[in-house]
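Visitor: Make one complex out of these two single chains by using the hints.
Line by line, the protein sequences give chains A and B. To convert, note that position 210 of the first sequence is 210 in the numbering used here; the numbers rise steadily by one, no gaps. To convert, note that position 297 of the second sequence is 297 in the numbering used here; the numbers rise steadily by one, no gaps.
Calculated from the structure, these hints are not laboratory results. From a predicted model like this one, the values you see are computed outputs, not experimental measurements. It is possible that some hints are incorrect.
Stated by the list, open to error - Simulated pairs of lysine to aspartate or glutamate, DMTMM-like, Cα-Cα distance not exceeding 20 angstroms:
1) A:287 x B:61
2) A:30 x B:137
3) A:223 x B:80
As the list claims (entries may be wrong) - Some but not every residue of chain A turned toward chain B, in silico, with C-beta under 10 angstroms:
4) 39
5) 40
6) 192
7) 209
8) 217
9) 225
10) 245
11) 248
12) 250
13) 252
14) 256
15) 279
16) 281
17) 282
Claimed, not checked - Restraint ranges, calculated between C-beta atoms of paired labels, are given here:
18) B:104 x A:228: 30 to 38 angstroms
19) B:230 x A:268: 38 to 46 angstroms
20) B:132 x A:228: 20 to 28 angstroms
21) A:179 x B:115: 25 to 33 angstroms
22) A:220 x B:104: 35 to 43 angstroms
23) A:156 x B:244: 44 to 52 angstroms
24) A:300 x B:269: 32 to 40 angstroms
Cβ atoms here follow ideal geometry from the backbone N, Cα and C, with glycine treated the same way.
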Amino acid sequence: MQRQLQVVIALAVFAVCGFAQPTGEIGVLKVQGNVYMLVGAGGNIAAQVGADGILVADTGTEAMAPQVAAALKKLSSKPIAWVIDTNIDSDHTGGNAALPKLVGGGAPGARPRIVAYENVLNRMSAPPTGNLPQAPDALWPNDEYAMASKDFSFNGEAIIVHHVPAAHTDGDSMVHFRRSDVLVVGDVFTPGRYPVIDVARGGSIQGEIDAVNEILRITVPLKYQEAGTYVIPGHGRLCDEADVVEFRDMVTIVRDRVRNLKSKGMTLDQVKAARPTRDYDTEYDAKEGDAFVEAVYKTLDGNK
Amino acid sequence: MKAKRLPFCLTPLLCAGAIGVAPAFAQVDFTGEWAPFYHEDGVERGPGAELGDYTELPINDAARMRADSFDADRISVEEEYQCRPHSPDYGFRSLGNVRIWREIDPETQQVVAFHTHTLAWDSERTIYLDGRPHPPDYAAHTWQGFSTGVWNGDALVVTTTHLKENYLRRNALPRSDRAIVTEHWIRHGDILTIVTITEDPVFLEEPLVRSTNWYLDPGQHIGIFGCEYAPEVPKPEGTVPNFLPGQNPFLHEFANYYGLPFEATRGGKETLYPEYQEKLKDYKPPAKCERYCRCLGIYECNVNSK
Chain A
1 MQRQLQVVIA
11 LAVFAVCGFA
21 QPTGEIGVLK
31 VQGNVYMLVG
41 AGGNIAAQVG
51 ADGILVADTG
61 TEAMAPQVAA
71 ALKKLSSKPI
81 AWVIDTNIDS
91 DHTGGNAALP
101 KLVGGGAPGA
111 RPRIVAYENV
121 LNRMSAPPTG
131 NLPQAPDALW
141 PNDEYAMASK
151 DFSFNGEAII
161 VHHVPAAHTD
171 GDSMVHFRRS
181 DVLVVGDVFT
191 PGRYPVIDVA
201 RGGSIQGEID
211 AVNEILRITV
221 PLKYQEAGTY
231 VIPGHGRLCD
241 EADVVEFRDM
251 VTIVRDRVRN
261 LKSKGMTLDQ
271 VKAARPTRDY
281 DTEYDAKEGD
291 AFVEAVYKTL
301 DGNK
Chain B
1 MKAKRLPFCL
11 TPLLCAGAIG
21 VAPAFAQVDF
31 TGEWAPFYHE
41 DGVERGPGAE
51 LGDYTELPIN
61 DAARMRADSF
71 DADRISVEEE
81 YQCRPHSPDY
91 GFRSLGNVRI
101 WREIDPETQQ
111 VVAFHTHTLA
121 WDSERTIYLD
131 GRPHPPDYAA
141 HTWQGFSTGV
151 WNGDALVVTT
161 THLKENYLRR
171 NALPRSDRAI
181 VTEHWIRHGD
191 ILTIVTITED
201 PVFLEEPLVR
211 STNWYLDPGQ
221 HIGIFGCEYA
231 PEVPKPEGTV
241 PNFLPGQNPF
251 LHEFANYYGL
261 PFEATRGGKE
271 TLYPEYQEKL
281 KDYKPPAKCE
291 RYCRCLGIYE
301 CNVNSK
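If we strip away everything but chain B, and leave its shape as in the complex, we get (with noise of 0.2 angstroms):
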């Protein structure tokens, strides 16, 4: 969406009027109920990312080791795994339906913030644009975190603290509550790009950059997510399940299944980049599609597809 501009000032009436209103014409609104297209890791947004999967992540070793101790019964033994959210650095790349509105100041006319609201867990978010500082570092942190933005051009330009600890890909691997999200939100036309840029100094070795993409879909109805908690396999408590290191016998199965070497898949930055396909050069692809072959849209993935 392009901003208009006056072209000049008719009267001195006009440009006071003008320069009153000056920073509205510089503010796209992102207002609409916006459907995900989901052709981003549609694999790992639909049926959910492979055990062992660390593909295109650059991670350090500390969230490697973490993702390979993960024991999957760790979402069933321990209830407060139950109804965990995502924060809105995967959120969005999950079940990602949203509805954007904004908060206009009745004094000035002017947006004084952003509320975005998600399928995933029914989750709500703020963004501030009315220059408030974020809060002090001993305060709580949340799932959607403290959000404060700024306009570039027609780009909003968010900026995320206050995380909590959640993940960088749903396989176990985390992203830790000292990380900084940034967001570009870009709209053209009907169509709406968020660029999340995530540092973490605990788990990455570098920025991870995602873009996600939306259409505007005034037609959409989000329902209610709801979750609730409840034992699911029931073991004394405070169990922790847990494989020790070395042990975890499912974290081959990803490159196996793919043919890919077993280190290609373990993420870190040096595999982001095209030099790394030099190390790929034995790399077969599996002769018959078997799981996950037709997965354009989240609704079309399936596995012994024919």
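For reference, chain A alone in the conformation it holds in the complex (with noise of 0.2 angstroms):
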């Protein structure tokens, strides 16, 4: 009965944490090559699909795995084999047991590889502490990584998952499909939003910046600054290098303007006060300003 209960304590804390719960339809754009994007479910999801069968990146939210099963199922009729969680968050990873069940088609019992790095794993076998919650076993990676990469082939592509450390988490991960030229980055870059640095799971500004960094590494622009690579982001539209260029100097302007002032001997709530983020609030959600520059001001300088 205790177990029960821990369980459901559980479920109702994850399920708070991360971005505003979805509702409605979920929105479907092929991206290029067999990259789709799936929009609606919480974190947008990325579902690469082939004659082996559908591999996600995330699964959004658990609530809208029956949407999203039925917006994947008219784009194949294969099972789900490989999960690619790109960070912990519930609205990214709360459809790794029900989406592949909803979705069906594969051997009795079977369950897709669900692969994350090594982090996301132990934060969600992690016994609760404060108001970080054990994660219920079966959203769980079963094919973690611990490395700077990992890679594989599946449907003929080369798929290379990269960890990018301390950023929006400890454990985030962006996944490159490099035959279609797409990068799914979760929620180191979300567009037209600060970035979440969830500084109690070991995220930080300086690896918020080296991610978005790595991003521009990867993406080579077709002509004028304009697709090739295109990248879907955690949350908001899809883009490409350029839109990742606006917000790589976003993040790094308003870390500049935080570390000029807290140089200065002010308090956090003095840096506040000075609204170093104000001429983009406009563009990036004036009421989340204040958390970002909380969390660049904690995590400065490798501080945490």
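Guide: This is how it looks when you write it as structure tokens:
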């Protein structure tokens, strides 16, 4: 009974982490190659489909799994063979268990391989501490990696999973579909919204900046800074390199401003009062500006 | 160009034909090679806008601070900026030589699209007239955006969404990717006028209205623009040149040179209207023109003109 109660509490708390919960329909957009972007299930989902089956990068919330499954079935009659979690948040991992079951088509009882950086598994499986819950074990990755990257081939395409340390969290991954030339980057890049730097889960401003610069290292525009490598963000619209540049400039400039104010001995409240994000608030959601500044202030120059 | 109309139907057969082609009589053809006059904002379009010149633009505080923090080194240090095109709401005001051609549905003989090719960044654009919807919010944005057009009499009204972030003015005043641009294409014989209305909830206090004129130039040959990015100023990767708030040393140059009150150079909707001239009573133009003195056309702009 106590175990059941723990699981219920864990599920409830886990469900409120991450971004706001979605409602409504799933939007499906063909990106290029055999990669699609699914929107409306919490975090964005990328699906690669082909003769070998379906690979999804992120699974959205558990609540939206039926709608996501219905959308995937229109793209392929095959089962989900691979799941890659770009981070631990429930709006990216909530469908890890439900979605493959609802899509179906696999051997009875078979689970897809669920890839994530090892810190995702470590945090999901850790005993509850404070407000950070233990996730139900059905959601846990079963194919975690601990090195800088992991690669494999699926549907005849090279898939490269890159770990970007200490950015949004300490368990972030980016997924590069090399032939399709699509990069799925999770919550390290959220156009139109300040990045959520989850300090309690190991995120930091320098890791965030390093991560967006890593995106720019991988992307190659087709012509005149447009198209070429497409970038599927954790939330928001489909992007390419030029869009990431705007975001990289913003996080770097805000970091520079906060560092300058902090170096003058200003407290966090004084830095917030100086409004170092005021020229970005109309574009990146003013309500989140203070939280972003606080995360920058607390993690500047290696501080935690 | 005046639209022609049939005075009346002579026979039932002619009536049927007239009904069948009726929309075409309200459609003006913009096809041709068009050369810009460059008489609008000549300095800005030739040598380029001066740092700190935010005049004539209804920008908000966010846009102003964005431009204030801009360090021009950014264009050299960040390779990604070097081949960054202009969007149509600004590109038609830069090297705006443009070719326009139309696409006709062979089944209906209706114009279903106009295409443009602009000298600046070899930019190509399609304006759909076939009634298709704009893409969903989550689709990719492009430099030229997604454009649809409808006829309003002889004028073509073009609505563009899905633009990438770009410039209101290329001294770093930004226009956001949430802007919606409405254009009115109007042809008067061999003169083409496009009135552009930019609505931007991120960076504008009120819509920005500009008009640009071209003349038909059948002999025009638009060359290849071309662009290749390369490191121009080596800096550590990830460097984003910027001025901290209040530390840009160049912001007063424009006001000082032209003898303008600094506040008058800062833009904002108030500065667009005649009443604002009351605040400029002490304005005295420079005693001697020393730069951009003959800026009647892009090739005539010069510095230190006698």
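Visitor: State for each hint whether it applies.
Guide: How the hints compare with the structure:
| no. | hint | verdict |
| --- | --- | --- |
| 1 | A:287 x B:61 | 17 angstroms, holds |
| 2 | A:30 x B:137 | 14 angstroms, holds |
| 3 | A:223 x B:80 | 11 angstroms, holds |
| 4 | 39 | 5 angstroms, holds |
| 5 | 40 | 9 angstroms, holds |
| 6 | 192 | 8 angstroms, holds |
| 7 | 209 | 6 angstroms, holds |
| 8 | 217 | 8 angstroms, holds |
| 9 | 225 | 5 angstroms, holds |
| 10 | 245 | 4 angstroms, holds |
| 11 | 248 | 7 angstroms, holds |
| 12 | 250 | 9 angstroms, holds |
| 13 | 252 | 4 angstroms, holds |
| 14 | 256 | 6 angstroms, holds |
| 15 | 279 | 4 angstroms, holds |
| 16 | 281 | 7 angstroms, holds |
| 17 | 282 | 5 angstroms, holds |
| 18 | B:104 x A:228: 30 to 38 angstroms | 32 angstroms, holds |
| 19 | B:230 x A:268: 38 to 46 angstroms | 41 angstroms, holds |
| 20 | B:132 x A:228: 20 to 28 angstroms | 25 angstroms, holds |
| 21 | A:179 x B:115: 25 to 33 angstroms | 31 angstroms, holds |
| 22 | A:220 x B:104: 35 to 43 angstroms | 37 angstroms, holds |
| 23 | A:156 x B:244: 44 to 52 angstroms | 50 angstroms, holds |
| 24 | A:300 x B:269: 32 to 40 angstroms | 38 angstroms, holds |
Checked against the numbered hints above, the structure breaks none of them.
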